[in-house]
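Novice: Starting from the known structure of chain A, arrange chain P on it as the hints suggest.
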Amino acid sequence: MRAFTRINGLACPLDRANVDTDAIIPKQFLKSIKRTGFGPNLFDEWRYLDHGEPGMDNSRRPLNPDFVLNQPRYQGVEILLARENFGCGSSREHAPWALQDHGFRAVIAPSFADIFFNNCYKNGVLPIVLPADVVERLFAECEATEGYRLTVDLAEQQVILPDGSTFGFDITEHRKHCLLNGLDEIGLTLEHSDAIRAFETRMRQERPWLFA
Amino acid sequence: MARETLYDKLWSGHQVQALSDGTALLYIDRHLVHEVTSPQAYEGLKLAGRRPWRADSVVATADHNTPTNEWDKGIQDPVSRQQVETLDANIREFGARAYFPFRDAAQGIVHVMGPEQGATLPGMTVVCGDSHTSTHGAFGALAHGIGTSEVEHVLATQCLVAKKSRNFRVWVDGVLPSGVTAKDLALAIIGRIGTAGGNGYAIEFAGPAIRALSMEGRMTLCNMAIEAGARSGLVAVDQITLDYVQGRPFAPSGAAWEQAVSWWRTLVSDEDAVFDAEVRLDAAALQPQVTWGTSPEMVVNVTGQVPDPAAEADPVKRSGMERALVYMGLEANTPIEQIAIDKVFIGSCTNSRIEDLRAAAEVARGRKKAASVRQVLVVPGSGLVKAAAEAEGLHEIFLAAGFEWREPGCSMCLAMNADRLEPGERCASTSNRNFEGRQGQGGRTHLVSPAMAAAAAIAGHFVDVRAL
Numbered sequence: 004m005r006a007f008t009r010i011n012g013l014a015c016p017l018d019r020a021n022v023d024t025d026a027i028i029p030k031q032f033l034k035s036i037k038r039t040g041f042g043p044n045l046f047d048e049w050r051y052l053d054h055g056e057p058g059m060d061n062s063r064r065p066l067n068p069d070f071v072l073n074q075p076r077y078q079g080v081e082i083l084l085a086r087e088n089f090g091c092g093s094s095r096e097h098a099p100w101a102l103q104d105h106g107f108r109a110v111i112a113p114s115f116a117d118i119f120f121n122n123c124y125k126n127g128v129l130p131i132v133l134p135a136d137v138v139e140r141l142f143a144e145c146e147a148t149e150g151y152r153l154t155v156d157l158a159e160q161q162v163i164l165p166d167g168s169t170f171g172f173d174i175t176e177h178r179k180h181c182l183l184n185g186l187d188e189i190g191l192t193l194e195h196s197d198a199i200r201a202f203e204t205r206m207r208q209e210r211p212w213l214f215a
Numbered sequence: 350m351a352r353e354t355l356y357d358k359l360w361s362g363h364q365v366q367a368l369s370d371g372t373a374l375l376y377i378d379r380h381l382v383h384e385v386t387s388p389q390a391y392e393g394l395k396l397a398g399r400r401p402w403r404a405d406s407v408v409a410t411a412d413h414n415t416p417t418n419e420w421d422k423g424i425q426d427p428v429s430r431q432q433v434e435t436l437d438a439n440i441r442e443f444g445a446r447a448y449f450p451f452r453d454a455a456q457g458i459v460h461v462m463g464p465e466q467g468a469t470l471p472g473m474t475v476v477c478g479d480s481h482t483s484t485h486g487a488f489g490a491l492a493h494g495i496g497t498s499e500v501e502h503v504l505a506t507q508c509l510v511a512k513k514s515r516n517f518r519v520w521v522d523g524v525l526p527s528g529v530t531a532k533d534l535a536l537a538i539i540g541r542i543g544t545a546g547g548n549g550y551a552i553e554f555a556g557p558a559i560r561a562l563s564m565e566g567r568m569t570l571c572n573m574a575i576e577a578g579a580r581s582g583l584v585a586v587d588q589i590t591l592d593y594v595q596g597r598p599f600a601p602s603g604a605a606w607e608q609a610v611s612w613w614r615t616l617v618s619d620e621d622a623v624f625d626a627e628v629r630l631d632a633a634a635l636q637p638q639v640t641w642g643t644s645p646e647m648v649v650n651v652t653g654q655v656p657d658p659a660a661e662a663d664p665v666k667r668s669g670m671e672r673a674l675v676y677m678g679l680e681a682n683t684p685i686e687q688i689a690i691d692k693v694f695i696g697s698c699t700n701s702r703i704e705d706l707r708a709a710a711e712v713a714r715g716r717k718k719a720a721s722v723r724q725v726l727v728v729p730g731s732g733l734v735k736a737a738a739e740a741e742g743l744h745e746i747f748l749a750a751g752f753e754w755r756e757p758g759c760s761m762c763l764a765m766n767a768d769r770l771e772p773g774e775r776c777a778s779t780s781n782r783n784f785e786g787r788q789g790q791g792g793r794t795h796l797v798s799p800a801m802a803a804a805a806a807i808a809g810h811f812v813d814v815r816a817l
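The listed protein sequences derive, respectively, from chains A and P.
Residues in the first sequence are numbered consecutively from 4, following our numbering.
Residues in the second sequence are numbered consecutively from 350, following our numbering.
Hint data in this document are derived by calculation from the structure and do not stem from the laboratory.
Hints should not be assumed to be uniformly reliable.
[Said to hold, decoys possible] Only pairs whose alpha carbons sit at most 30 angstroms apart, straight line, appear in this in silico BS3-like list of lysine-lysine:
#, chain 1, residue 1, chain 2, residue 2
1, P, LYS513, P, LYS717
2, A, LYS179, P, LYS512
3, P, LYS422, P, LYS512
4, P, LYS512, A, LYS37
5, P, LYS358, A, LYS37
6, A, LYS179, P, LYS422
7, P, LYS513, A, LYS179
8, A, LYS179, P, LYS358
9, A, LYS37, A, LYS179
10, A, LYS37, P, LYS395
11, P, LYS717, P, LYS512
This is chain A alone, in the form it adopts within the complex:
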């Protein structure tokens, strides 16, 4: 996984609550057996005017000019501003894969759905929860200011606005450690192999039917 330390990136506002993972990456693209290549189909039904299917040349498809990601000022965007309960619905990790493949490094919202929130960390996409009034301010400033950029400093756990004001965010130590160092979480868990084996041995005694 790519390490995440500090980024200064262009922000883009997606002004809808309850954006679900079916909208982030529609089901027809879930047939892939790869982890990569989902970026061109991110928000496919909102982004294009035609119906998308796997294998199409997306560069030739008609874009929806009203969709925010298609606007010239938001090309090269790295930070998504979102509303409540972002990423609700299906557990598909294809959603953070698509965000990451499009170039997003962080999503800022007042709240996230739990499974999506977990999935982001595994893919170097940082989900940041900020208070609703702060998110409201970011939306207003971003919409009013072309080229609006935010700095996200993971080590300091801060979002820094263009005027220098800062807002802290929470993250567990384990996730922070993995993201900062781009670590393989499985390798870290396997360092506890003895504890897992000991637990398993005890369970074979206490609940043998689980191992039948």
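Specialist: Positioned in the frame of chain A, the structure of chain P alone reads:
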């Protein structure tokens, strides 16, 4: 000792090790696997040169991509076929406790197959790369959906790095009236607490109305916990649970059964256990529910009408409602019973079990679908459900009513196979999500119970099944 909730007991009973930052390594007993969210996980294992920690915890099936008709022709879509064949190959290479491949007699939707095989047992931790894994909480099991990276993590380590959720109790008094089902209860709860209401929580459903539910009803309810934002739903173990589990292929028997039951009976929240949040509902006051919008929380009584965004004070909610009405092609204040439908889908991990099919058949018996309704799909949840329904003659009732009787699978719940809505088509669906495009791009989904779906098929529009 502090009074514990059922969730607390399941959590502490599976904690391998507490980690320094408040997370923990949680041991996973049962890993359910399907074709869509597993290929990249197995590929990750291969690339790292790892083997599954405990392949006998894996029970797998193919369900999302599989066609529901013309099984003799195989899977026509080459991309779908490749994904299913990739699962076949991965199970051959890495092993499993059991695999129910495409066209197996017991193949089915993973959340239908697991419980009916006894692969889901009380007190287990159950995970699957699918958000509707919450279904298995109906057995007093700690069950939730995971992403593909976590599928790989569980394959490699038998554990998840997890943060404990908070405890939420939904207490339901009274008895559900005739014609009002677990699905209506689930939708009413989501309407009450919202699709983010359960974020960060495990929801335990409790109270007299829950105790009176069958296992099928409890599965429907826990299935939709995720639509309320909760990764896990839970129902405490009781005699109904034990009666369902006993005798299933993977359930313990003999002395092991007695030993298991003595632990399973403790899988209830202690009296006076403290919950971080609670809501209470009266089952007797509930009506059949119909969603009108593009989120499961956009739901009203069948006797109600489409709400008016002008009455909503919150600007973000109001614009969401306005957008939903445009997408759904509906006008504010339209009575629900005046909304005409084009298609009906009876199936999905929410409502494709035998009890669901019986409820739909009871409504369809001796009646015909409305001429204006283009298609009524009845898709049983598994091969075993299909066989049971045919043994009771339910398929004949459906066929006589002009419904289609299909092979098992996820089908038009998410339209990964050929079963889907065309743009603008309106569907009465027993599935779990009415998101934009969920059942096909431009398709318009209204979530209802199986009886309400069958009633809509007969009438051609939504109708109160209690008045039929």
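Novice: Determine for every hint whether it applies to the structure shown.
Specialist: Verification of the supplied hints:
1. Among the hinted pairs, LYS513 (chain P) with LYS717 (chain P) is inconsistent with the structure: their alpha-carbon atoms are about 50 angstroms apart, more than 30 angstroms.
2. For a cut-off of 30 angstroms, the pair hint linking LYS179 (chain A) to LYS512 (chain P) stands: about 14 angstroms separates their Cα positions.
3. Of the supplied pair hints, the one linking LYS422 (chain P) and LYS512 (chain P) is violated, its CA atoms being roughly 46 angstroms apart against a limit of 30 angstroms.
4. A C-alpha spacing of about 28 angstroms is found between LYS512 (chain P) and LYS37 (chain A), which places the hinted pair at or below 30 angstroms, so the restraint holds.
5. About 38 angstroms separates the Cα atoms of LYS358 (chain P) and LYS37 (chain A), which puts this hinted pair outside 30 angstroms; it is violated.
6. With a C-alpha separation of about 50 angstroms, the suggested pairing of LYS179 (chain A) with LYS422 (chain P) is violated against the 30 angstroms cut-off.
7. For the suggested pair LYS513 (chain P) and LYS179 (chain A), the alpha carbons sit about 18 angstroms apart, so the restraint of at most 30 angstroms is met.
8. Taking the CA atoms of LYS179 (chain A) and LYS358 (chain P), the gap is about 29 angstroms. The hint holds against a cut of 30 angstroms.
9. A C-alpha spacing of about 26 angstroms is found between LYS37 (chain A) and LYS179 (chain A), which places the hinted pair at or below 30 angstroms, so the restraint holds.
10. Straight-line distance between C-alpha atoms of LYS37 (chain A) and LYS395 (chain P) comes to about 13 angstroms, which keeps the hinted pair within the 30 angstroms bound.
11. With a CA separation close to 51 angstroms, the supplied pair LYS717 (chain P) and LYS512 (chain P) exceeds the 30 angstroms bound.
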